[in-house]
Structure formats: C-alpha cells, structure tokens
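**Student:** Chain residues, written in single-letter form:
Protein chains: 2
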Amino acid sequence: MNLKAEALKLHKRHKGKIEIISKIDIKGQKELSLVYTPGVAEVSREVYRCPSSIYDYTSKGNIVGVVTDGSAVLGLGNIGAEAALPVMEGKCALFKQLANIDAFPICIKSQEPGDIINIVKNIAPGFGGINLEDIASPKCFEVEKALQDIGIPVMHDDQHGTAVVVLAALMNALKVVDKKLNEIKVVISGVGAAGIAIARQLLCLGFDQNYCVPVREIILCDSNGIIHRGRTDLNTQKLELSKITNFANIKGILADALVEADVFIGVSKAGVLKRKDVSRMNPKSIIFAMANPMPEIDPKDALKVAAVFGTGRSDLPNQINNSLAFPGIFKGALMTRAKTISPAMKIAAIKALARCVRVPTKDKILPSTLDKQVVINIAAAVKKAALSGK
Amino acid sequence: MNLKAEALKLHKRHKGKIEIISKIDIKGQKELSLVYTPGVAEVSREVYRCPSSIYDYTSKGNIVGVVTDGSAVLGLGNIGAEAALPVMEGKCALFKQLANIDAFPICIKSQEPGDIINIVKNIAPGFGGINLEDIASPKCFEVEKALQDIGIPVMHDDQHGTAVVVLAALMNALKVVDKKLNEIKVVISGVGAAGIAIARQLLCLGFDQNYCVPVREIILCDSNGIIHRGRTDLNTQKLELSKITNFANIKGILADALVEADVFIGVSKAGVLKRKDVSRMNPKSIIFAMANPMPEIDPKDALKVAAVFGTGRSDLPNQINNSLAFPGIFKGALMTRAKTISPAMKIAAIKALARCVRVPTKDKILPSTLDKQVVINIAAAVKKAALSGK
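Protein chains in written order, with our numbering: chain A, 6 to 395; chain B, 6 to 395.
Isolated chain A, as found in the complex (with noise of 0.2 Å):
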C-alpha cells in the first residue's frame, strides 16, 4: 500500500488523532460533586480570588493550543482552516508522545491578522502557551509579534523551531568540517517565515551578542533573485534584512549568490539548487535542502558532492525537523510558567538541541525526533534560561 492510502485509512480507523479523556475518574457522587457542582464552586471561587491558583487547579498549564489559519501549510500552501486540522492534529499527537503536553487544534477560519490576533488573545485563559503554526509569510510576523504581551508564550513555529533546528544542525555541520560560525558565508534560498527567521538567528539579531556568534556573510534569495538594496519589490521583513546581509549588495541569481560560499539553506522549493552551481561553492561545503516533500536538489548529486547533506526527509540521514525543537523549547517554557520565548531561550535549544550529538559525524549531525532524550535535554536548558530571567 502506497503512503496516501496507508495515511487515509489510519486516519479514518481513529478519526483523527486526538482525544480528550477526563484525568479524574467519576465513579460515583461523591467524585461528580468535587469535580462538578457544587465542589467545583469552591475551586472557581480560589481561582477568582487568587488567579496565579489556576496553574495549581486547572490543566492551563500543561495546555498548548496550536492555532493556524490554513494559509501555508505545509508544502499545501492556503488550503485553508478545515484541511489544515489534519496537520495541526498530528502537531498536537506529537505535543503528547514527545513531550506529554496537551495541545489542542485551534483552525481559525478568517485570515485576517487582526482577527487571528484578537482570537488568540482573547481564548488564551485556556491555554499555558500558543503555538502558531502554517500561517503564511509577512502576515506571521505581524501576529506574533502583536502577541508578546499576553501573558503567555506565544512562537511561530515555522520561523522559531525551523531556526532552532537548523542552528543546530549548523554548528554540528561545522564541527564535521572544522569550520567556524564566525568564518563563513551561507546563501538561503527561501525568504518566508523560515528564512527570515534563520537568517535573523544566524544574525543574532535581537540576542545578547555574548550568547551568539553572527556569521560572516549572509545572501538570501527569493524567487526573484538575490536580495540586494536595489530591489523595490520587498516587503518590509525582506527590507529590512536587506540593509544587513549581503555586504558587497551583489546582484543575480542564486547561481550567483553561491559563489565562494559554505553553506546552502533551502527552505525554498524542489530543484532549485543545481549540480553545477555547488561547484561554485567552496570545499567542505554543507547543503540543508529541506524542500518538502522533495528537496533543492536531487538527493543523489547533493551527496556526490556536499561535505555535510541535511534534508527534511525521514528515509535519508540527517533529518532536520521541526519536532526536534517545539516540544521541548514549550516543556521549558510551560515548566517555568515563562510569558514569552526569549532570545536567550530558544539559543539555549540550539545549544543543548546540538549538544544531544556527542560527536557530529557527515552522516549524524541530529538525533532522531523519537529520542526521548532530546526533548528533557532542551527544556531543561530552556528552562534554565527562563528562570536566568534572559
């Protein structure tokens, strides 16, 4: 049976996969009076008048709710909130089986960001964090950043997770090939939500400079080309990375923009990246194509000719996914009963997310998404950044 048919017929076997079970079993009267009328009055009454109580009586704290508006999901693109649910389902299933944290999937039909932010604040009692998650590139920007303040964290996973997860990658990738952060020149190919994110990470920009090494030289590339400070078709995000990376404001395409350089970053589509132009690229070079579900470049050159070859897919080595970061950067989160995903915070996952690897190897540079292992490593450094007040 091929994937699809094995995908459909599990999914309808469970309709869906999530389920909501009640964690105190009501036998009797006695448990239906705490658990509902008129014991759970006095528990309602605790928390009117001690509101911080509702992380001790309430299950807020352990709940994540992982909000989309279906406008770019996954390699789908705007299918919408009703095609989305499947997707942010088996987001909150991964929540519980890597990190036992409850998450539930909020699909909000508008797709407006207004509305998205307003909903959003406005269901948070409920809820210890928000994951936001396939919501299309400039709008995400706009949303998270209108929802720092709520009281809860609130991350973007497709900016923050994918960034985490590549400066993992990255620094273990650098490792193999005795590079250093501070000495090389990386192209991104992709300027949506993940590579802004990368790129904004790989320039430390917003972090303490003593927790983050910027690299030498950044070139990002859209599907129009080389971002450069002649281009009059940005929006503000790309402008504004504009003014910061490519120094020498070179122009082109990605063939051109990949000259000299030591790593290539896909967050872009299938077949961008050709043979010929790696060649341009210097030794030793590392190439994530992480294009879903078929990568920049045909799997079989990139290994011919790539130091260092990362892709999102699970049948070739160095998987680098998304799942190796959220559940454990939201269990530090959740655990310290933190307001906002810092800086700090998320270098502190890339760190002990890389560190997971004793020693990088071409083949290994990432644990495995099923590795217990990671997600205690990351929220417990996680955790420590928060509680360090960073």
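Calculated from the structure, these hints are not laboratory results.
Some hints could be false.
One copy or two, either will do: identical chains are not told apart, so a pair holds if it fits within one copy or between any two.
Below, in silico cross-link-like pairs of lysine-lysine (BS3-like), each with a Cα-Cα straight-line distance of 30 Å or less [stated by the list, open to error]:
#, residue 1, residue 2
1, Lys-309, Lys-35
2, Lys-356, Lys-14
3, Lys-114, Lys-356
4, Lys-17, Lys-126
5, Lys-388, Lys-32
6, Lys-388, Lys-14
7, Lys-388, Lys-17
8, Lys-126, Lys-150
9, Lys-101, Lys-389
10, Lys-150, Lys-356
11, Lys-20, Lys-389
12, Lys-248, Lys-369
13, Lys-144, Lys-184
14, Lys-281, Lys-14
15, Lys-305, Lys-248
16, Lys-389, Lys-126
17, Lys-101, Lys-28
18, Lys-9, Lys-35
Assemble the complex: chain A is given as a structure, and chain B must be docked to it using the hints.
**Tutor:** Then chain B, alone, in the frame of chain A:
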C-alpha cells in the same frame, strides 16, 4: 475534610481535569511519517478536495467546544474567563465520562456578544458542536441566535439543557399527581436564561404543536415581581413573554402568582418561596426549587407540603440537573452530523429522558446522572428526530 478542602485537594493533585492524548501510538518513524509529514499532507489534500471528509479523517465529528465568557458561572455570577475554567473542565470531563464525547473548554476574555459570536464562528472548523455555557442573560440569546447557521449545532445549555430536564421531570411528576400538562398553571421564579427557556418550552414556542402540548397558564416572576403587560422595565425576551403568559394580567409578587398554581419552578435564589405561600397552591402541588447550592425553599418545609419535590442537589431525591440532558443531546446530534439542535430534537430528548423512569414515584421522577442508559436513550431519540429532518 469539608467539601471545599476536598475539591481543592483533588484538583491540585491532578492539576485540573482534562488531558489530551494521541489516539495513534507513534512508536517509530513509520507512524511518524503517517500522522505527520509527509503522510498527513495526503490527508489534508483529501479534506481540501472533499470538505465533508473532515468527519472521516479528523477528530472534529466527536469534539464539542464548551464556550463561556465567565459572565454567569453557577451561582457565582460574573467571575470572568479564568475563574470559569474549572467549571468548564468539569463539564468536559462529564461529556467524556457520560457520552464518550471529546470536549474542550474555550474561555473567552471579552464579554461582548459580538466578540463571542465572531470567535465561535471562526474556531468552528475544528469542532463538531458548541456548548455555550454560563453566559449571562440576556446576551446569551443574541449569541446563541447568531450562531445557528454556522454549520454545526450550537446550544446554550443553561437554556435548553435545563428546559429539557425540567420538562422531563415535570412530565413524570404530573403522572405521580395525575394531572395533565394542558390543565396546569405553572409559576416560574427567575427569568434568566433557564427561566425563559423553560417558559418557551412550556408554551411550545418554536415547536410543532403535534409534538408539544402547551400548559394552561404560566406566570413568570423576576426580582421585581410578576411579569405583566404594564411593566416598563422588561428586556426583549421578558417583553415577548409578557404578551403570551399571565392571561389575566395579574400584578403583584410571587405570593400572588402562586394562588391556585399547580407547579412552582424555581431557577432564582435561596429562600424566595415561603411555606405559607405554598399553601395558596392547588392540592397535589409540584415544587422544583433548583437554586444552587440552597434551594428556593427549605427542603424540610417543602417535603411537608409538596406532592413532588425536586432540587438541583445530589443529596436529596429528585435531582434535576443539566447533566441528564446535554451529553445525550450532543451525542445524538454528533451521530447524525446535525447542523442545529432543532425543537423536535429537544422534544425527543424530553420524552426519552422521561421514559428512563418506567414508573415515576414521588421520590423518583428522574434517573441518576451516572446511569449510562440515559445517554444511550436520549441520543437514540435525538438521532431519530434529527434524521426525520424536523
């Protein structure tokens, strides 16, 4: 240990009452590739291609959102979204325990009807039904009405759940005292969400007359006394009812209304019904005093004078509690993917609930909340009514 201490301890030990689990065990890469990327993309594609398949491939069809703004919680009043969460979680736990329905609490910060309506409309894609809960009167009417065409059933339980249980209790109590619905005079104390819904149900408003027999006379009393056609302080709902109740247009207080009444229905507050006033009622009087936690009349007094006496309490005979109705009503609606809870579905629920007690007696007019047969019977009846298209 007293009730308060015990309820707080139980809630603290479990950190609330609900947990979200994965229905599919993600044991290895194989399952991961089916429940998440790349397999889940095929499922999303299928839902996009055929929108109704969302019921086959996701959990939507069995998920009910328990939505509140915390403006009228139990007997506690307007305690807000956070303090309402323990009650909503309790309701979700009951949904699971009684009907195997997955229910999730949505506590909304804004108490503006427009916001509540907009939010419910927008988050509807992930839910099979919406249970509105503890939203203050009269805005609850506006909110519920505006949500009747969103494609999934939306029911304000404080109105219709209560009306269904009270009507079933009344049908069986009338058998005990050998009176008929169309012969009786009913006095309702309390004209909020529950009082208005009970009155409308007793008058068969919105109901097919073949399925419903209206009572002879209803007098409604709020905190300013009897509702009559001379009152200038009535909201829209009370004004509407003033035209079709209290035919003689009598004025005065509750004691005046009770003259020759057969039934007293209290959804108001402790102590409003005096023993001496009950003596004004017809022989074989029925008293449902449902104020929580203390009923409208001292149970010791009521038991001496009433032929049938019911309350909201679990420590007295004849507990009249919503939890007898909402699990079965939603179960039946979800089973048929009904788009609304129609009047015929509510009538079916009333009759099915009444039939759960074969031979009603003074001390047993309703089944126990934890009797599993109740949900089965109500769901079957509601399903039948839904499928008949009424």
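**Student:** All the hints need checking, so say for each whether the structure fits it.
**Tutor:** So, going through the hints one by one against the coordinates:
Taking identical chains as interchangeable, the C-alpha atoms of Lys-309 and Lys-35 lie at most 30 Å apart only when they sit on different chains, with a minimum of 27 Å there against 69 Å within one chain. In the homo-oligomer, the alpha carbons of Lys-356 and Lys-14 never lie at most 30 Å apart, since the shortest distance is 39 Å inside one protomer and 39 Å across protomers. For a Cα distance limit of 30 Å, the shortest separation of Lys-114 from Lys-356 qualifies neither inside one copy, at 37 Å, nor across copies, at 37 Å. In this assembly of identical chains, the alpha carbons of Lys-17 and Lys-126 lie at most 30 Å apart only when taken from different copies (26 Å versus 33 Å within one copy).
With identical chains, the CA atoms of Lys-388 and Lys-32 are at most 30 Å apart between copies only, with a shortest distance of 27 Å across copies and 38 Å within one. In this assembly of identical chains, Lys-388 and Lys-14 lie within 30 Å of each other by CA distance solely across copies; the values are 27 Å between and 40 Å within a copy. Taking the shortest alpha-carbon separations for Lys-388 and Lys-17, only the inter-copy value of 22 Å comes in at or below 30 Å, while the best intra-copy value is 38 Å. Both within a single protomer and between protomers do Lys-126 and Lys-150 lie at most 30 Å apart by alpha-carbon distance, with minima of 12 Å and 24 Å respectively.
In this homomeric assembly, Lys-101 and Lys-389 come within 30 Å of each other (Cα to Cα) only inside a single copy, at 22 Å, whereas the closest approach across copies is 37 Å. Proximity of Lys-150 and Lys-356 under a CA criterion of 30 Å is satisfied intra-copy only: 25 Å inside one chain copy versus 53 Å between copies. Within a single copy, Lys-20 and Lys-389 get their C-alpha atoms only as close as 39 Å, which misses the 30 Å cut-off; across copies the closest is 23 Å, which meets it. Proximity of Lys-248 to Lys-369 under the C-alpha cut-off of 30 Å is found in neither arrangement, the shortest distances being 35 Å within a copy and 78 Å between copies.
In this assembly of identical chains, the alpha carbons of Lys-144 and Lys-184 never lie at most 30 Å apart, being 36 Å within a copy and 65 Å across copies at closest. Taking the closest pair of Cα atoms, Lys-281 and Lys-14 never come within 30 Å of each other, the shortest separation being 42 Å inside a single copy and 68 Å across copies. For the homomeric pair Lys-305 and Lys-248, neither the shortest alpha-carbon distance inside one copy (36 Å) nor that between copies (81 Å) is at most 30 Å. For the identical chains of this complex, Lys-389 and Lys-126 are intra-copy neighbours only, at 27 Å inside a copy versus 40 Å across copies, given an alpha-carbon limit of 30 Å.
Proximity of Lys-101 to Lys-28 under the C-alpha cut-off of 30 Å is found in both arrangements, the shortest distances being 15 Å within a copy and 11 Å between copies. In this assembly of identical chains, Lys-9 and Lys-35 lie within 30 Å of each other by CA distance solely across copies; the values are 13 Å between and 48 Å within a copy.
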